[in-house]
Structure formats: C-alpha cells, structure tokens
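Protein chains in written order, with the working numbering: chain L, 73 to 287; chain Z, -11 to 245.
The set of hints was computed from the structure by calculation and includes no laboratory data. One thing to keep in mind: the hints can contain errors.
Result set (DMTMM-like, lysine to aspartate or glutamate): computed pairs, CA atoms no more than 25 Å apart in a straight line [unchecked claim]: (1) Z:LYS(-3) / L:ASP166; (2) Z:LYS(-1) / L:GLU169; (3) Z:LYS33 / Z:GLU51; (4) Z:LYS29 / L:GLU169.
One letter stands for each residue in the lines below.
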Amino acid sequence: MLLLRSVCVSPDLEVFQKKQNVKISVSDFLNTCLNFNKAFTKIITQPDIEVTLELPNNFVIQNFLELPHLVIKKVKIQDSTYNFNELDEDIKNDIIETLPGSIIFEIKTFFEETVEKFKALEFKIPSFEEAITLNPFDGTLLELLKLIFRANLSNIYEMQYILVSKLYYTPEYLDDNTFTENLLIIRLFEDEIKRQEDQHKKSKSPSIPINPGKT
Amino acid sequence: MSSNSVVDKIKQIAIINKVNTYARSVNADVSFLPLTIKQQKNIIKTALDVVLSPITFSLTTTEIIKENIQTKTNLSIIDKPLILLALRANSLGTSYVIDGEQKEVVDLSECLKRREAINIADLVETLTFDNLEITTKVPSLEEDYRVNLDCKRVLDSRKSNDNDKIKDLIGEVYVYEIIKFIDNIKVTVDSKPDEIKFNILSINQKVETVESLPMAVTTKLIQSIANIRKVETDSLKLMVGDKEVTINLDTSFFTKE
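The shape of chain L in the complex, shown without the other chains (with noise of 0.2 Å):
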C-alpha cells in the first residue's frame, strides 16, 4: 500500500509540524516498514529442525493455540527448507503438528515480545527532531496511515474535470487511471498550453528585418 502510494500519488507527505510544513519521504516509511520483519524476526532451532517466525499478519487471536500458524513463516528440516508462503494451508497444518510441542511456548513467548514492541515503534523522520512513537494499539498508527493515504479531493474533481471538459477523456476512464497517470497528463497539457502562448506570443512581437539596411 506504501509502494502504491509512493509510486501513484507522490513520494513525499507533507505535514505541519512545529509551524511549519515538514516533508515525510514515504520511501522512508516503507523502509522502516520493511526493516520491521528483521527486528521481528526469531529462529527457534532443534536438533535437525529450525523454525523461523515472523509478524504475524493478525494480532487478535481467539487463544494462543492458533499462534503457530501465524507466525511459523518458514521449517528447516535437516537440509530442506519448507517456505509457508508456498505451500498449501493442509502441509502447512500437518507439518505444524508434527513440530514438536515445546516450542508452542517459545511461540507465544516471541509472539507478547512482538505485541510489546508494537506498542513503542519509533520511526525517525530526518526533519524532526524526535522520533516519533506509533502504537497499532492506541490509534497513533492508524492515523499516520491516514495521513500518507489522504489527498485533497476538490484537487482530484478539478483535475478530473479539466480532463473531462477541456482534453474530452471520458470519467470511466480516468477512473482506471492512476493519480499519477492523470497528474501527468494535465502537466503534459499544460507545457502544451505554456508552449503554445510562447508561440503565440512570438507570433504576435514585431519581426525583426534579417538585413535591415538593404531594403
């Protein structure tokens, strides 16, 4: 979702902070995000078996017993190395299973480690001066992802509308474009506009005699 928003809407947010506007690269966002499976990241290993966690992709659990199958991410038996992503939920359930059960607490304690460091993610913007700490928990990251995913939507009608009234693409298929598609073309239309004036405006200043004393 940060890759599309980058890529589509604009790689930076701008936020007001300290009076004055703050520019956020959402590339560095991405990063942190990114980095954030590293940090959360734990190789259990047995004799010949190594499991590897990761984040889950759900916090809320109904009990601790589901915990397994969110966060085993990848099996190492003596030299094979099964991958999660790539297999079926059924092998994924039988191979968990056949796991041995003492790491059922291992799990859930690399899992309430993970919830505790949620709460008290810290990502650094180089502009500010502090880092800010963004909680899933008490809303604080859930408004930052509004922010990054927020635009102004009386921008995007009066680009549409010029694109509609003076370029004579139709709305469906502006809907199927990108912000960025559309963006481009307006800005393409206006070098054509700007280029145009400047061609008018020559076409309008006095012409200059090429051997003006021979005449």
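Fit chain Z to the supplied structure of chain L, relying on the hints for placement.
Just chain Z now, kept in the frame of chain L:
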C-alpha cells in the same frame, strides 16, 4: 508437494530424540516419542471441558502415551505420572513452579531419577463383608482408559449447566472410579459361592453392581483405591527445603514454565 514426506522426516527426527523413562510396574526403562505441537494443543484444550476436565485430561494423556510409546510393554496406571513428568520435562524443561502460598521452583529430574520398583501383586487386596468378597486390582493403563472413555460418553450425554446436575455427574464419576479397581466379586448365598468376573460385564452392569454394593463395602473399597493412588502420587512428591510438595498433574503442568 505432499505433506507425508515432510511429516515422515519430522517423525524420524523424533525417533532419534526419544524420551526414556523408568516404569515402576515393569521395573524397566520405556521409550517414548517427544510431544508434538498437536498433542501439546490437545492437552491444553482439555482445560476447556470445564465439568469433565480431569477425565478429558486423563483420556488425552493416555492417548498420547499409547501413540508415542516405542517399547512393547503392558503399563499400569502407576507408571503414568512418571511418563507424563518425563514428556513434560523433555518438552518444557525440568524446572517447574508450584503455586501455593509461596511459589516454589522444583526440579522434576529429582522425581525422574528415582528407580523404585513396585510389585503390583502387593497392592491387590481381598475385602470381605458378610457374604461378599471383593478382590481389587491395579488397573492397566488400557483398562483405566476404557472405563474413562465409557464414563465420558455417558456423562457427555447428560452434561448440563445446572449445578445440581453437575453434582450428580461428580457422583457418577466416583462410581466409574471404583469400577476400575474391582477384579471380581464373590457372593455366597446359602453356602454356595457365586463368582462374578467383573471384566466380562458390560459397563452398565458394572455400574449397577457398584451402585448396589453396601456402603460399608464401598468405604473399604475406597480405602483400598486410596492406597493404590498413594503409590501413584508418591512418584510426584518432592522435598523443597524441609517441606514436602506434590506436583499436581493437570493441564497447567503442561502450560507453565
């Protein structure tokens, strides 16, 4: 890809890492496969069966023992505590915290290194009361499992949230517990002894027989059962300083560090 090849590989690893424990009734070491996640989950789930949790726990743990045993032998209920202790120690470690007035950390290996053989025949008694003669037995793990299974089937069909009905269920569990320990009953009528082999009766006949026993006989039977159960719980006793503590074998034993 089929899961069989992966599961087989994990099982082969489990065979290499099998757990050995001493079985008192056969005076020998017996090997088991370690607990799997599925078995660990099944044990934890038994706590959800609020009313019949002890029976469900007993059934589940015996199923695990039967599934994981690697040595051909006929085990008795007296062996069960040490087997569960060994499987738990292998899975979660030998350190265990006992909740009480003060939390005590105990080392399960103290229990596991004991090798005290027990002669089952020494625990068998013949109880006489007027014209009745009852011979007790120490049930095998399989016999204990079958009676618990019958008990659960019957009680599951009568489950209720009504407190009075729950009390009735507890009373029935008590009858099933006595059934496990009776080998045969001899009744003498007009100087003619009639022997009832208890194991050939249906479960309903066993229940009816126990329910019709005189209270005095039942009291003697319960005393005899308590003596056998004491041998079981002796395996779970440990000294912490100058205090004796007993490990309680229930779901929490497999969930607490």
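The hints, checked one at a time:
1. The straight-line distance between the Cα atoms of LYS(-3) of chain Z and ASP166 of chain L is roughly 12 Å, inside the 25 Å bound, and the hint therefore holds.
2. Restraint check: the Cα-Cα separation between LYS(-1) of chain Z and GLU169 of chain L comes to about 11 Å, which is no more than 25 Å; the hinted pair holds.
3. Of the supplied pair hints, the one linking LYS33 of chain Z and GLU51 of chain Z holds, its CA atoms being roughly 14 Å apart against a limit of 25 Å.
4. Simply put, LYS29 of chain Z and GLU169 of chain L have alpha-carbon atoms about 9 Å apart, close enough for the 25 Å limit, and the pair holds.
Comparing the model with each earlier hint shows no violations; every hint is respected.
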